[in-house]
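The chain contents come next:
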Amino acid sequence: MCADLQSLYRETLIEQSRNPKNNYVLEGANRRSELKNPLCGDVVTIYLSVSGDRIDEASFEAQCCSICRASASMLTTRISGSNRLSAISLAEDLIAFLNESDSVIFENDDSLQALSGVKAFASRIRCATLPWEAFQKAISD
Amino acid sequence: MIENLTPPATPDALKQARDDFPILSRTVNGKPLIYLDNAASTQKPQSVIDAANRYYSHENANIHRGVHLLSTEATAAYEAARKKLAQYLNASDESEIIFTRGATESVNLIAHSFLEPLIKPGEEILISHMEHHANIVPWQLLAERTGGRLRVAPIDDNGNLELDACLSMMGPKTKLVAIVHVSNAIGTVNPIEAIIAKARENGIATLIDCAQSIQHMRLDVQSMGCDFAVFSGHKMFGPTGIGGLYGKRSLLKRMCPYQGGGDMISHVTFDGTTFKEPPSRFEAGTPHIAGAIGLGVALDYIESIGIETIRDYESQLIEYAVNRLKSCQGVEIVGNPDHRSGAISFIMENAHPHDIGTILDTDGIAIRTGHHCCEPLMNRFGISATARASIALYNNSDDIDALVDSLAKVRALFG
Ligand SMILES: Cc1ncc(COP(=O)(O)O)c(C=O)c1O
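Residue numbers (my numbering), protein chains in the order written: chain A, 1 to 141; chain B, 1001 to 1415.
Keep in mind that the hints were calculated from the coordinates and are not lab data.
The C-beta atom is built at its ideal place from N, Cα and C for all residues, glycine as well.
Some hints here could point you the wrong way.
[Said to hold, decoys possible] Beyond 12 Å from chain B on every Cβ pair, some chain A residues (computed):
#1 Arg18
#2 Ser33
#3 Ser86
[As the list claims (entries may be wrong)] In the DSSO-like style, the derived pairs of lysine-lysine whose C-alpha atoms are separated by at most 30 Å in a straight line are:
#4 Lys1409/B <-> Lys36/A
#5 Lys1120/B <-> Lys1276/B
#6 Lys21/A <-> Lys1409/B
[To be verified] Computed footprint of chain B on chain A; a stretch qualifies when at least three of its residues, placed anywhere within it, have a C-beta under 8 Å from a C-beta of chain B:
#7 3 to 15
#8 40 to 50
#9 58 to 67
#10 121 to 128
Make a model of the complete structure from these sequences and hints.
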């Protein structure tokens, strides 16, 4: 298998896409946002239960590819129990990191770094950012 | 049942075909390109590429308006391309061919200039469940503007049109039946003869979306008997940005203009304007002259091989591809139509179509993944996307074998 492909489909990513975390409808969520990538038809829905400045719980549902599902799993794991503002800035940073070729912000973060393989596949970057964009929409609505 | 896994022999007329397409000798990700995304767009033979070059190097001028030599030559070349299309489709007159940007614009033109002035609230447009968005959305928009109703003929689980249901949906309220000839997503060849026959009996106009048939089989619009047929140049070895429609002369003559501008008028005063006869009435402004000329050269290319030769060879190749994919573990073919042309859609148990597409791409294999602009069809099968391999005259059994080998890698990765 070629190196780019190996870097795209890292074990952590395949593992998370096979057994994603927080992959359910969150009953009692007070924020919900569905985002579709019209280019490919993938759909992700992010559910949040937010109280004050805290995101108590986050979950997702999706009809999507492995990268998008792994990314949604990572996102919801990261932001569950976190501060609202820091989650917002994490999303901003991650989207910038994936879109900008020279960005290295997540070098020391193994799990999010696993998404960086998409950088070699321009057509797949949106697969990784879609859940994060859905989160941005949910939290700002 | 033992499926036929013998690769089809390449007929003599196609033996050198690959060499005619310069792009087929490039590499992708270090591997020779294997192009199986022909339903999205076909590659171009050198002769079509040269035609654009020649036009801009030696003939470039506007058409239908100059007295100088270049303009006269450009006009002649543009009109010669129209004539070639008329001959290829066996239209009774070249004025029945209108150049547009492609199938999408052709459908929109027919919606605007033919159906909109005609349809009354409550009257119906009949399409099928397997249409491309290009043959859905213009009708939805029209229905919204006019109070017309869009009706959808069902398909069965194999991806065949339910013909009886379709025929029974044609009634006194139906104004137009607009049906795809060959499905771009699952390859179904529709029984358009029966549909057109019933429509004609009932005085219903017919539009056949030939975007996926014109490059694969002989189309004779007179024996088909349809009122309109639409197509895109870039899917038949021609340039992008050019395509067209066939329309029966008696209908075209009654239709209102599509866009206003130069070249489509007889007289303009500030009190009003009179319009030219078809085809000029529907070709406002400076058209894609180089594109039309290139499309004519693409037709020459098809005819130099012979569309019957192409059809016979491709039908063997697509059968070979279906049988190879059927024997591929973990691969499920979406749609099992009685008659198939050009395309095969499939899904894999654990790998999403995009993941399949990415892995194949690293092997130099280009396929399409996604909903193929057929979301209602995807919904009918309860899926959001497929992987689709689609062939053209230059593909061969080695391409299909490479596809199958690469799918084994997908399975190894995703299980
Ligand atoms: C069946 C069918 N109809 C219409 C179209 C639209 O063609 P274009 O985008 O060239 O206008 C396509 C293109 O994919 C098609 O496959």
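These are the hints, each one checked on the structure:
Here Arg18/A does not stay apart from chain B, with its beta-carbon only about 8 Å from theirs, under the 12 Å limit. Every Cβ of chain B is farther than 12 Å from the Cβ of Ser33/A; the closest lies at roughly 18 Å, confirming the non-interface assignment. Remark: the non-interface label on Ser86/A is consistent with the geometry, its nearest Cβ contact in chain B lying 31 Å away (cut-off 12 Å). In summary, the hint linking Lys1409/B to Lys36/A is supported, as the alpha carbons are separated by about 29 Å, within the 30 Å threshold.
Between Lys1120/B and Lys1276/B the CA atoms are separated by roughly 27 Å; this keeps the pair inside 30 Å, and the hint holds. Between Lys21/A and Lys1409/B the alpha-carbon distance is near 26 Å, which keeps this suggested pair within the 30 Å criterion. Only when three residues or more bring their CB closer than 8 Å to a CB of chain B does the claim for the segment 3 to 15 of chain A stand; here the count is 5, and the claim holds. A stretch counts as covered by a chain when three or more of its residues have a beta carbon under 8 Å from one of that chain; for the segment 40 to 50 of chain A and chain B the count is 4, and the coverage holds.
With 5 residues bearing a CB less than 8 Å from a CB of chain B, the segment 58 to 67 of chain A meets the requirement of three and the coverage assertion stands. Counting residues of the segment 121 to 128 of chain A whose C-beta lies closer than 8 Å to any C-beta of chain B gives 4; at least three are required, and the coverage claim holds.
Hint 1 alone, counting from the list given before, is not met by this structure.
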